[in-house]
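These protein sequence lines are chains A and B, in that order. Going by the working numbering, the first sequence opens with residue 1, and the numbers climb by one from there. Going by the working numbering, the second sequence opens with residue 1, and the numbers climb by one from there.
No wet-lab data here; the hints were simulated from the structure. For glycine and all other residues, C-beta sits at the position ideal for the given N, C-alpha and C. There's no promise every hint is true.
Derived, one-sided and incomplete: chain B residues facing chain A with beta-carbon distance under 10 Å [to be verified]:
no.	residue
1	Gly-144
2	Gln-194
3	Gly-220
4	Ala-223
5	Ile-275
6	Ala-279
7	Ser-281
This is what each chain is made of:
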Amino acid sequence: MSDQPVIELKNLHKRFEQRPDLAQRLLAMVGKPIGLDTVHAVNGVDLTISRGQVVGLVGESGCGKSTLGRMVAGLIRPTEGTVSYQGRNAADLGGADRLAYILGVQMIFQDPQASLNPRQRLHQILGESLRVHKLAPKSEIGARVDQALAEVGLGSEYRERFPYQISGGQRQRIGIARALMVQPSFLVCDEPVAALDVSIQAQVINLFMDLRDRHGFTYLFISHDLGVVRHISDRVAIMYLGRIVEESSAEEIFARANHPYTQALLAEMPDVNKRGRKFTPIKGEIPSPLAPPSGCTFHPRCPHAMPRCREVVPPLIEIAPGHKSACHLNTP
Amino acid sequence: MNEKEILLDVRGLVTAFHTEQGAWPAVDGVDFVVRRGEILGLVGESGSGKSVTGFSLIGLIDAPGEVVAGQVLFDGVDLRTLDEEQLRQLRGERIAMIFQDPLMTLNPVLRVREQMTEAIFTHHPEISRQDATRRCVEALTMVGIPSPEKRLDSYPHEFSGGMRQRVAIAIAMLNRPELIIADEPTTALDVTIQGQILYQMQELCRAHDTAMIWITHDLGVVAELADRVAVMYAGRIVETGPVEQILSAPRHPYTQGLLQSMPATSEPGARLSQIDGMAPSLSGREAGCTFRPRCPHARPECAAAPPPNTVEADRSYRCYFPLQEAA
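Isolated chain B (complex conformation) (with noise of 0.2 Å):
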């Protein structure tokens, strides 16, 4: 699977908020690549700046926000070089999205079958109407949407809300993208409708080599449906790798932290492992290893700069005295 072409390889990105009090770096030099056909769990708690990246690589960031630094290759162009018009002209097309929110993507007052339509018009404006009521049923029929011929002439508060990000999911599909950013597009729904929206994404990934981004709170649904996982801390990615490897294995106190406090991995009734302490606000990051001040291992040297990439192998961290595995 590693030999598969890179679709998105991001190096550098920050992107920085600006305040009277000057500009914060929300999201402060992250590095990934996504491989085609690959799911990618970028993982953090809120505040960490997961959604921001997300957001920072289809130039989705308004004022007072900006991304200062850093390229954007999908498929070998930088994302950051191109103008507006070029970027409308990709997303919907090559790159979709995917929100938390499905009500934030549907506009209420439009029946399914014009939002859904438009964004076929706005790529291909040389389909018939029919083609495009064709692919539309397709596509909702794809997410699991039943009698879709239906429903494609229901208004957004017609459906409930899996519906709804199925509706959603179904949009972002209709253009066969090449990568899909996905955000905690499963965090407000109930755990039997989150289940059937995985095995779906799941499902369509695998069928048209989709690659995607799922960003989320939740390891536990990374580690049923990602391939690989980015952790994220105040702004950077932490570590990253294989998900097997990061999760049995952690090699930074804070991934592992983030494992422990799950109450699956500890017995009933036990004292869940804590990390203590709360993520630093924006303005109150320390200069060095950012988790410094809630990590068990610190030492002096953590404080003089942050810790560098270090790769090994499949995987790499930003940690000075990194875990080894349990001998």
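Chain A with its partners taken away, still in its complex shape (with noise of 0.2 Å):
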């Protein structure tokens, strides 16, 4: 594993604006203030993934890590803020250099069901990219289908299926292959594993980690089940409302995890070798995202919350060697 990075995030920040309706376009016209909701889905996000490196990014819902995913893989455009391929500004990019990029980091999807289409045969869905790109002549299509197919653990008898007739495991296997056809080398796989019963997700989890020895694939792996995470990742890093609170080796985080929020994390994350747990939750629901908490946004539900937090915005610092955490209480 070189140290060469494949992505590197800048200060990446993405906003959801609402757009105004008829009548406050009226009201800006005329000059009156209007309130419209912004959702600060990424807020400065710094993050830097290495060649054949597991990245697991954990959080709940609405923290902002599939928008981060979706900006790794350009599918959306970051507000503020640069996602660097390679080492070069993936904004600054054009021609075969930008195919290269949209080509080499793919996407894997959480629901594979909404991701093919339901009235394609398996082998229109996994050629599509190979004839829209021209990446190969209409001779050879039919053999990379096979290929990619038996990658993933599938016959070729299932070339002319359509999504309907298989079932929910191996459609997630046709997603994977269809992120294979165009040989990336880098995959965002956005909680590929959570829709699937656990045996089926114990076939793909190996999958993924057969793929990373045969091909080096570089992973982003985004889910909110640490026990997964913990598996096949790396570094972890661990998102709260639009900010990463603290990021590191997975061995370091699952043993001396450093943010109270991944503290609270570990300790909600259900296990079958602890028994009969007299549960402790950590107070509160997570904030709508529309008003986050000032300060450190996790301050509300924090056990040991001083009264700086709810006004300074604590910095991602390194606490340790490759540990870096976002908390006051590092820094008293």
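Hints in hand, dock the two standalone chains.
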């Protein structure tokens, strides 16, 4: 594993703004102030992913992890900040370089049912990217489809099937095979096993690890499931309301979690090795990203909150070699 | 704890779905007991029949499904012999149900107050409006909803997902039921919210000696919450017993396979041991042991007939060649 970064995110922001309706546009025209809701989905994220690494991105619903993943894959543009692919700003890439980026970084979605066209046969779904980008002559597409199917453990008899004729686990395999068609080097996986049964989940996780061993893929693995992330990640980043609150090697974060939110997540993780636990849950709800709390966004739920936490956003600082955390407790 | 009285005794329950090709049993001969104040984790993957089992208990199976055989003895009375009116009296009063999606349970156009008091007045028309409101506030407080008096006048869409599920739980608890059937109530929630709700359910069941059937696919949740566990596969309970015994030393290869598939049970980065293949569809189940095609220990004998239920002290399993504890 080299340290060459494949993807580098610098001060990345994504804001979703409500579009003004007619009345609001009229008010704006006569110079009246209008209050538009803005969701700051990703709020200043720096993250470096090196070649061959598996980075697990963990967070609860609404924390911005999927938005971040989509920006990395180039599906949506950041409002502010840059995504660099192999050292170059993705926004400045053009022509062949841009194509190399969008093909090199492929995305695998949570819901394979929704991401596969129900009216296409599997070989059409898989072959489409080759046809669109003219990556292979027509005569070779069939062979490439079979090869991708074999890669994810499906036989060529699946070529002629429709998505509804296969099971959920197989559909996720097709989602992976489709990403493999264009020979990517980086896979953004957005909750790829969340919708699968445990026994099928294990099969798909094993497939991800086999692919890494075979092709040396780099992964951004987005999940809310710490158990899965712990299993396959080299590094782990924990997100809460648009910010990364802790980042470190997987081993370190599960052994010595620093941020109170990470500690809470670890405590709440259902675990077959814990029996008849007396639950001691963290209090409160996840705040709405429309109105995030001031200062450290975790302070309303944090057992250690101090006055400073309400006012100042704690910076993400290195607390040990390769271990970053954003908590005021580290800087007394 | 084994001295406690048996509250629910299910014997030979069969629920079939009628199709043009014939009747397929989604639940195929299920037996289990739940004692007072006990939490039973009913675990299985999609299509194993765990939810259908829960629905069958209180007569919530609609056509083309039908409970075709078995007894559901609740406090000594077979619920299958009751008519719809008697069942209606029982549901929401002595047996309550919590569903996975609280939006399905809650009426979107009624305030929480109306939905809660309705549950009280249906069973206790003699209660005054004031007392009913007081009970609603108590129930909402119990499940940890802040400023319950104010929230009574909110509509379901004004609550977050976790809060909505709490309202659904509060409604289920209103009449102090003796049994709660909970169908994956935390599956759609975030881990920290799931933790809060598990905590409250555990507390509530202990405080009121309420028995609960917790239907889930997550063995991790069962390990932490339940007293006993029943593992379902393809319509049958393949193994049941105290959580500690079943999870530490499974006898059935499917239970062991499920446990070993969980990332938590293996070294990070190591290959997960997987159960090959997939669960059979309703129409594609094998004769004999339904797990045979996926079982690493299958032998020709397994194909002959479904394995009988073998009882061993506190636990039981359906396997001809049960796993032995590692010596």
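Legend entry - Status of the Ile-275(B) interface restraint (C-beta, 10 Å, chain A): It holds, given that the least Cβ distance between Ile-275(B) and chain A is near 4 Å, below 10 Å.
Inset, instruction - Please verify that hint: Gly-144(B), Cβ, nearest Cβ of chain A, below 10 Å or not. - result: At 9 Å from the nearest chain A Cβ, Gly-144(B) passes the 10 Å test, so the hint holds.
Legend entry - chain A contact restraint on Gly-220(B) - CB to CB distance below 10 Å: Given a least distance of 3 Å, the restraint on Gly-220(B) holds.
Legend entry - Supplied contact hint for Ala-279(B), tested at 10 Å Cβ to chain A: With a closest approach of 7 Å, the Ala-279(B) hint holds.
Legend entry - Status of the Gln-194(B) interface restraint (C-beta, 10 Å, chain A): holds (7 Å)
Legend entry - Ser-281(B) as chain A interface residue, shortest Cβ-Cβ below 10 Å: Hint holds; Ser-281(B) Cβ to chain A Cβ min 9 Å, cut 10 Å.
Legend entry - Satisfaction of the Ala-223(B) interface hint, Cβ to chain A closer than 10 Å: holds (5 Å)
Checked against the numbered hints given earlier, the structure satisfies every one of them.
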